[in-house]
Amino acid sequence: MKLIVVITIFVISVTVNDAFRAYNETEVDLNDERAMSGYIKNVIADMAQSMKEAGYDPFYIERQEYIYQLPVPVIFKHVILIEQLLSNGISNIVVNSVNYSILASRLSFDIELPLVDMGVGSGSVETTVFGRNFTMNSSGKMAVQRMRFVGQIRFIVNLIPKINVSVRSSDIAFTMDGIESDVKLVVQNEDYSDKMNEFLSTTVPATFKEYRSEINELLGILSVQYINSYLQAQQNN
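In mature numbering (1 follows the signal peptide of the UniProt record, and there is no 0), the protein residues as written are -19 to -1, 1 to 218.
Read the hints as simulated data drawn from the structure, not as lab findings.
Any given hint could turn out to be false.
Between beta-carbon pairs, the in silico distance windows are [unchecked claim]: (1) S78 to V168: 42 to 48 Å; (2) K33 to R113: 42 to 48 Å; (3) S147 to V75: 25 to 31 Å; (4) V168 to Q213: 32 to 38 Å; (5) Q45 to S147: 37 to 43 Å; (6) E171 to L51: 41 to 47 Å.
Beta carbons: idealized from backbone N, C-alpha and C, even for Gly.
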């Protein structure tokens, strides 16, 4: 979930930067709100295609093992094994609406990811601590349904000597239709599958609804910080 939010903020950051960079390079007229809105939609579409071409969607790991151990492994050793991990949908960014207002220096957006699913054929964790072994095994799949991001970003735009953009404020409302979970989880030979599936499909969505205002406030704060850092780095290049 955290990764998806980060990717969404990154998409917005790159979109904003590319749109104003295009103005600097006279590719698009900043005063033409319709042209700017269309350009922004094209940037998002290009980013989605780039994710696919880079192998991030679908994303597949046949087999990956991570090992961390001390020079004397009996004191501490940690092994993570993942086999046949597959995720889909992260690049399927649906743009319901994007509107740029030159007078208000504001970008309004409504974008969503209809379905993001992930499954793993087999996953295991084995940890040794002072000779005692702890094991966890999992498999199955989960799907996050319709994550929607609706909001407004307000800018400060300086045009002289060249365009310089920073974000003044950001309001983002995040909603999610739900989570479908079919996961098998065994810890120390005890089956926790039912508890895990209930946690993912019931507890997590309920918690998001309960703390919706706080989550949206946090998204607004983080997006301003991240987008400004990204814009500053790009404009200094």
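Results of checking the hints against the structure:
no.	hint	in the structure
1	S78 to V168: 42 to 48 Å	holds (45 Å)
2	K33 to R113: 42 to 48 Å	holds (45 Å)
3	S147 to V75: 25 to 31 Å	holds (28 Å)
4	V168 to Q213: 32 to 38 Å	violated (45 Å)
5	Q45 to S147: 37 to 43 Å	holds (40 Å)
6	E171 to L51: 41 to 47 Å	violated (28 Å)
In summary, the numbered hints that this structure violates are 4 and 6.
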